[in-house]
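If you're matching them up, the sequences are chains L and Y in order. Under this note's numbering, the first residue of the first sequence is numbered 1, with each subsequent residue one higher. Under this note's numbering, the first residue of the second sequence is numbered 1, with each subsequent residue one higher.
Watch out, some of these pointers could steer you wrong.
Taking beta-carbon pairs under 7 Å as the criterion, some of the chain Y residues facing chain L (in silico) [claimed, not checked]: (1) GLY44; (2) PRO46; (3) ARG79; (4) LYS80; (5) PHE218; (6) HIS266; (7) ASP267; (8) ARG269.
I should point out that these hints are in silico values taken from the structure, not numbers from a laboratory. None of the values given here were measured: they were computed from a predicted structure. For glycine and all other residues, C-beta sits at the position ideal for the given N, C-alpha and C.
Below are the chains, spelled out letter by letter.
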Amino acid sequence: MNEALTLTAVQAAARIRAGALDPAELWEGYRARAAADELNAYTWVAPAGEPPDADRAAPLAGIPLAVKDLFCTEGVPSQAGSRILEDYRPPYTATAVERLRHAGAPLLGKTNQDEFAMGSSTENSAFGPTLNPWDRGRVPGGSSGGSAAAVAAGSAPWAIGTDTGGSIRQPAALCGIVGLKPTYGAVSRYGMIAFASSLDQAGPFTRDVRDAALLLGAMAGKDPCDSTSVGLPEPVRLPERTDLQGVRIGVPDELSGEGIEPGVLAAFEATLDIARRLGAAVERCRLPHAPHALSAYYLIAPAECSSNLARYDGVRYGARAADGVHDLLSMYTETREQHFGAEVKRRIMLGTYALSSGYYDAYYGRAQQVRTMILRDFAAAFADFDFIATPASPNVAFELGSKLDDPLAMYLNDFCAVPMSLAGIPALSLPNGLSDGLPTGFQLAGPALSENALLEAAHALEQAIGFDAAPWRRAA
Amino acid sequence: MITYEPVIGLEIHVQLATRTKMFCGCALTFGEPPNTRTCPVCLGLPGTLPVTNAEAVHYGLMMGLALGCEIAPRSIFHRKNYFYPDQAKNYQISQYDIPLCTGGRLGEVRLHRIHLEEDAAKLVHVGESGRIHGSSASIVDYNRGGTPLCEIVTEPDVHSAEQAREWLSLLRVTLRQLGVSDVNMEEGSLRCDANVSVRPVGTRELGTKTELKNMNSFRYLERGVDAEIARQVALLEAGEAVTQETLHFDPASGRLSTLRSKEEAHDYRYFPEPDLVAIAPTEAMLERARAALPELPADRAARYASDWALAPADARLLAHEPRWGDYFEAVAAAAEGGDGQPVANWVTELRTRLGAEADPAASPVAPVALAQLVGLVDGGAVNAGGARRVLDMLVVEGGDPAALLEREGLGAMDAGDELGAVVAAAIAANAGAAEKVRAGNAKAMGPIVGFVMRETRGRADGGEVGRLVREQLGV
Numbered sequence: 001m002n003e004a005l006t007l008t009a010v011q012a013a014a015r016i017r018a019g020a021l022d023p024a025e026l027w028e029g030y031r032a033r034a035a036a037d038e039l040n041a042y043t044w045v046a047p048a049g050e051p052p053d054a055d056r057a058a059p060l061a062g063i064p065l066a067v068k069d070l071f072c073t074e075g076v077p078s079q080a081g082s083r084i085l086e087d088y089r090p091p092y093t094a095t096a097v098e099r100l101r102h103a104g105a106p107l108l109g110k111t112n113q114d115e116f117a118m119g120s121s122t123e124n125s126a127f128g129p130t131l132n133p134w135d136r137g138r139v140p141g142g143s144s145g146g147s148a149a150a151v152a153a154g155s156a157p158w159a160i161g162t163d164t165g166g167s168i169r170q171p172a173a174l175c176g177i178v179g180l181k182p183t184y185g186a187v188s189r190y191g192m193i194a195f196a197s198s199l200d201q202a203g204p205f206t207r208d209v210r211d212a213a214l215l216l217g218a219m220a221g222k223d224p225c226d227s228t229s230v231g232l233p234e235p236v237r238l239p240e241r242t243d244l245q246g247v248r249i250g251v252p253d254e255l256s257g258e259g260i261e262p263g264v265l266a267a268f269e270a271t272l273d274i275a276r277r278l279g280a281a282v283e284r285c286r287l288p289h290a291p292h293a294l295s296a297y298y299l300i301a302p303a304e305c306s307s308n309l310a311r312y313d314g315v316r317y318g319a320r321a322a323d324g325v326h327d328l329l330s331m332y333t334e335t336r337e338q339h340f341g342a343e344v345k346r347r348i349m350l351g352t353y354a355l356s357s358g359y360y361d362a363y364y365g366r367a368q369q370v371r372t373m374i375l376r377d378f379a380a381a382f383a384d385f386d387f388i389a390t391p392a393s394p395n396v397a398f399e400l401g402s403k404l405d406d407p408l409a410m411y412l413n414d415f416c417a418v419p420m421s422l423a424g425i426p427a428l429s430l431p432n433g434l435s436d437g438l439p440t441g442f443q444l445a446g447p448a449l450s451e452n453a454l455l456e457a458a459h460a461l462e463q464a465i466g467f468d469a470a471p472w473r474r475a476a
Numbered sequence: 001m002i003t004y005e006p007v008i009g010l011e012i013h014v015q016l017a018t019r020t021k022m023f024c025g026c027a028l029t030f031g032e033p034p035n036t037r038t039c040p041v042c043l044g045l046p047g048t049l050p051v052t053n054a055e056a057v058h059y060g061l062m063m064g065l066a067l068g069c070e071i072a073p074r075s076i077f078h079r080k081n082y083f084y085p086d087q088a089k090n091y092q093i094s095q096y097d098i099p100l101c102t103g104g105r106l107g108e109v110r111l112h113r114i115h116l117e118e119d120a121a122k123l124v125h126v127g128e129s130g131r132i133h134g135s136s137a138s139i140v141d142y143n144r145g146g147t148p149l150c151e152i153v154t155e156p157d158v159h160s161a162e163q164a165r166e167w168l169s170l171l172r173v174t175l176r177q178l179g180v181s182d183v184n185m186e187e188g189s190l191r192c193d194a195n196v197s198v199r200p201v202g203t204r205e206l207g208t209k210t211e212l213k214n215m216n217s218f219r220y221l222e223r224g225v226d227a228e229i230a231r232q233v234a235l236l237e238a239g240e241a242v243t244q245e246t247l248h249f250d251p252a253s254g255r256l257s258t259l260r261s262k263e264e265a266h267d268y269r270y271f272p273e274p275d276l277v278a279i280a281p282t283e284a285m286l287e288r289a290r291a292a293l294p295e296l297p298a299d300r301a302a303r304y305a306s307d308w309a310l311a312p313a314d315a316r317l318l319a320h321e322p323r324w325g326d327y328f329e330a331v332a333a334a335a336e337g338g339d340g341q342p343v344a345n346w347v348t349e350l351r352t353r354l355g356a357e358a359d360p361a362a363s364p365v366a367p368v369a370l371a372q373l374v375g376l377v378d379g380g381a382v383n384a385g386g387a388r389r390v391l392d393m394l395v396v397e398g399g400d401p402a403a404l405l406e407r408e409g410l411g412a413m414d415a416g417d418e419l420g421a422v423v424a425a426a427i428a429a430n431a432g433a434a435e436k437v438r439a440g441n442a443k444a445m446g447p448i449v450g451f452v453m454r455e456t457r458g459r460a461d462g463g464e465v466g467r468l469v470r471e472q473l474g475v
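Chain L on its own, in the form it takes in the complex:
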């Protein structure tokens, strides 16, 4: 066992800078693990050979990075988990990945995901499901399941994923690691293969909260190529805080009772007790429109995706149907019929319907109104509380195949995560103890652009929780 591979990224970077650790050794160790991965967490792993040049003085000090498949990486397959983009190699690299490379994190591998980030189990990948390192009979969550599984298993020191309606926080919870969805606009979306543009946001998967801060700090920033990006108002600090004196935490009734598995709820309540012990004022609160969030989300996200995915038509890149094509229309329909998966087709149809003339107001328009109400709910709650706490996922990792035939049951996985996505606010999932031997996640959400405060509070909780069961600690 290579002891260096048990370090957090912050620890490893400190050793590298002190000259006590060779980044090439770290690279070789992780590359070998990624290449030997048995969880189907990767869709591409960097080839063996000369390790990339590492700048020991760079902020990320040469620590390798696993990247969700949907980030465009120049010359490297970027398939978004879809057959329609099989072996698609973009001519450019996503801003977030480029920023991280520039900060000293070379690309270790691309990670598996639900097709076009649509799913909560990574079973919707065209390249097979990813397995949960805690129990290979179970899903790692999704859609960024490959990134979560890779970090949890220890085949990558850290990873990035994207969160549209929980796709970072839910797999982080189901894999027992830290996952952060930043404020919408904190990280550039340029080069992220889009699912739902008004919701998609990139963020880190890490072993602990300090690593999340380090990675976020390097990837965030306003990007001239993404006019919706705003960056963060101040540099991201490595959190130090170990108490929660004076911190007010609101626990919304709507997201912390009905529909949550008892074991998950028990772990959540235990962490609330820890928060109180650390000095926080923990009180119940209301987010009255939160129960409608999932319905609104499943109109807005499919509507946007129906348009975003229109470009996959076989004309310019990606797959083109060979059979049954006799004119332009059949080229479109056969290409899309043969190469999109069932869930993607379902959402394209839902979204197309929701935007149709005569239905727009009743569906898309109404959903946007609900989104506004949810935004107001959070604004009202943040007048009284510094943070909102909920379970990150209503359940622990479920068995492979158990929800594939029931899309609504699958959608309910993101019940606690979606309101924050609609509001565009930062939210983090923190390992929160076990339920029946499987990890649970504690979600902490703050007002827009409050990442530093959020990370400080999460750090204090993390230190007090002392969660040390994650597989990466024991990986061979």
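Please arrange chain Y on chain L, whose structure you already have, making use of the hints.
Only chain Y this time, still in chain L's reference frame:
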């Protein structure tokens, strides 16, 4: 018999002459090899995002301010979704319910709105017909894809094909003067569709309209609209109804064919473009646009009419051709407070000689020389015919009109005995004509006047000759 009144609204697409495309950094194309002016963004590659071209917004604001539109404090882009290879993303980014500009007016036609959008790529259908039907393949050139477009929609204030053509011409010179577009119909930087309906004269209710596409010249616009008005009137007179449809005008045959009916109209599933932020013009942006506005042709024509009392046609002609307008103003200034109309007449004379496309400022005829010539005519030193001959010489060699007049002996004859004697000789030589004039037929004077003009090599003043003829014939 019912008389019908056409009601026409125009939709004009103008390619903006910005340096780069609407949503990416690619340079605009001017006939480069296919697909050489492209990047991941305008090719719609996965993961790419649009960024609004600030210069296109600036041009849009200039147009809005110049045409008296209301500028939206916060306009947004929408996606217009349709599957076709001329849009790399299979949607066009356009403006929908909150355009950059609303209202406004140009000439007698009110504007409905002005909005920004991106142009489509060019499809080339391989095969003999050049059209999609019967072609073996279609190839796409994405160079044009993403070129900034501005759509201008008028209210239905146009009532004839001729008026449509004239108004479009005014719009073209206005946009050219603003410098926002090349406005070339043949090259496609100015395109015009027309919504045409007819109604019985005197009624208010609008008839069923049709949309005419592909009228890619001023002549075709006029012919297409005329043909459609005639078609609709014929239908109504035959007791049939006009059906709402989109028509294609074929300039070769002059015929209109159905592109698609109302039932086949697309559902574009418009929704707000989530990849772009709203356009919220700041005071600084508006001030910059205001400062960039030149005097517009309509304003200039109004100024010529009021300040120089020019006839409307002359005011329009000079205002619509800024180089001739500038030249007119230089001549008028040199003419020192004289009447404007004679100056305009002589500038128009010069334009006939040099051609409308010529730059008079670069010709040998200095404004001050033309001003002198106008003065000489005005003072009676030369008659119109003589002055025209002087102008012919000025065009060739330049110089001083008074000196040319002297050199060529073209000065007007005084109304003295000398002219009287020539008139007397002319009457003698045309006794028959003289008899008719005496009998009251003034028109019969022609041969007598012609004789005088020949004898005097055109130097005689026509009016004076007529007066002398009548005097000597006692009528």
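Going down the list of hints, with the structure as the test:
no. : hint   : result
1   : GLY44  : 5 Å, holds
2   : PRO46  : 4 Å, holds
3   : ARG79  : 5 Å, holds
4   : LYS80  : 10 Å, violated
5   : PHE218 : 34 Å, violated
6   : HIS266 : 9 Å, violated
7   : ASP267 : 5 Å, holds
8   : ARG269 : 4 Å, holds
In this structure, the earlier hints numbered 4, 5, 6 are contradicted, and the remaining ones agree with it.
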